[in-house]
Amino acid sequence: MNRADLYCVWGNTRSPCFLFGDPKQLPLTVLTTKDKGDGDNFLNRFLRMGNGLFDMVSRIIYQGVLHVYATSCNVATASFDSSRALENYIQEKYPTVTPSPEGKLLPVFIHTPGARVHTDDTTGSKKSVDQVTIALDFMVDLVKSKKIDPSKLVVISPYAANVELLDRMLRKNAAYEALKGIPPASTVDSFQGQENDIIFVVMGTAYPRPGPEFTSQEQRLNIMLMRR
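Residues in the sequence shown are numbered consecutively from 1, following the UniProt record's numbering.
These aren't lab readings, by the way, just hints derived from the structure by calculation.
Idealized CB from N, CA, C, for every residue including glycine.
Treat the hints loosely; a few may be bogus.
[Unchecked claim] Below, computed lysine-lysine pairings styled on BS3-like, alpha-carbon distance capped at 30 Å:
#	residue 1	residue 2
1	172	93
2	144	93
3	104	152
4	146	104
5	93	146
6	172	147
7	180	152
8	104	93
9	147	180
10	172	144
11	172	152
12	93	152
13	152	24
14	147	104
15	146	180
16	147	93
17	180	144
18	104	144
19	172	146
20	24	104
21	180	93
[Claimed, not checked] Using C-beta positions, here's what the derived DEER-type ranges look like:
#	residue 1	residue 2	range
22	146	183	28 to 38 Å
23	97	77	18 to 28 Å
24	168	102	34 to 44 Å
25	106	207	21 to 31 Å
26	119	71	40 to 50 Å
27	172	119	20 to 30 Å
Construct the entire structure; sequences and hints are all you get.
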């Protein structure tokens with residue numbers, strides 16, 4: 001715990017109310033006050049994460065914090081049909097990629113050497129037509145090959161300029177007609193509190209220039225890598 005992570009608030013009945021914070025996450029963002037969950041209540045819950053998908057975040061960001069996957073994280077269940085289809089697609093299309101261990105699903109990274117990144121002179125926001133094209137082409141082939149419902153996919157990016165580019169290409173490029181029904185692209189911040197079966201993150205950064213910049217923030221990386 002860090003100072004100010006725990007607050008004690010006293011109400012009319014003088015009963016303490018403890019609020020816990022996580023310094024490894026971004027600041028709280030209130031996106032809705034009307035959505036209801038199970039039991040007709042207003043609590044929004046993080047429902048599930050497949051076994052293996054938290055391993056990297058745990059090792060890098062939550063060092064020393066023990067975690068145990070619940071039974072709902074069993075990747076053999078129907079809840080992870082789309083995720084297993086992605087794993088199969090990767091093995092068929094790119095056989096040199098090491099498969100996930102038995103009973104686990106691991107993140108997949110697509111390296112895009114030579115991809116160009118444009119930085120807006122006014123806002124500093126970044127976009128990469130090359131990276132966006134590679135991501136959308138990959139998604140189209142995945143959907144067509146494995147008959148995955150596009151609504152089960154989500155694409156997010158740290159930069160608003162990249163999000164605008166993604167949405168524009170999805171709307172106006174006939175090559176991506178197969179992705180009709182996919183939710184609108186989102187920034188990392190605006191996607192807080194949400195999840196989907198398969199998450200694509202288009203970074204919009206490049207090494208050595210312009211470099212990772214704010215995408216290297218531990219909290220932002222945490223949010224990006226836990227939205228699945």
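How the hints compare with the structure:
1. 172 to 93: holds, 27 Å
2. 144 to 93: Holds. Residue 144 to residue 93 sits at ~13 Å (cutoff 30 Å).
3. 104 to 152: Within the cut-off at roughly 19 Å; holds.
4. 146 to 104: Distance of about 20 Å is within 30 Å: holds.
5. 93 to 146: holds, 12 Å
6. 172 to 147: At roughly 22 Å apart (the allowed maximum being 30 Å), residue 147 and residue 172 satisfy the hint.
7. 180 to 152: holds, 11 Å
8. 104 to 93: holds, 20 Å
9. 147 to 180: holds, 13 Å
10. 172 to 144: holds, 19 Å
11. 172 to 152: holds, 21 Å
12. 93 to 152: Cα-Cα ~20 Å, so holds.
13. 152 to 24: holds, 27 Å
14. 147 to 104: holds, 22 Å
15. 146 to 180: holds, 16 Å
16. 147 to 93: Roughly 15 Å between the alpha carbons, so the hint for residue 147 and residue 93 holds.
17. 180 to 144: Measuring from Cα to Cα gives roughly 12 Å; hence the hint holds.
18. 104 to 144: Holds, at about 24 Å.
19. 172 to 146: holds, 24 Å
20. 24 to 104: OK: residue 24 and residue 104 at ~24 Å, within 30 Å.
21. 180 to 93: holds, 23 Å
22. 146 to 183: 28 to 38 Å: violated, 18 Å
23. 97 to 77: 18 to 28 Å: holds, 24 Å
24. 168 to 102: 34 to 44 Å: Distance hint for residue 168, residue 102 holds at roughly 41 Å.
25. 106 to 207: 21 to 31 Å: With a Cβ separation near 23 Å, residue 106 and residue 207 satisfy 21 to 31 Å, so the hint holds.
26. 119 to 71: 40 to 50 Å: With a Cβ separation near 46 Å, residue 119 and residue 71 satisfy 40 to 50 Å, so the hint holds.
27. 172 to 119: 20 to 30 Å: Holds - the Cβ-Cβ distance for residue 172 and residue 119, about 23 Å, lies within 20 to 30 Å.
The earlier numbered hint that this structure contradicts is number 22, and it is the only one.
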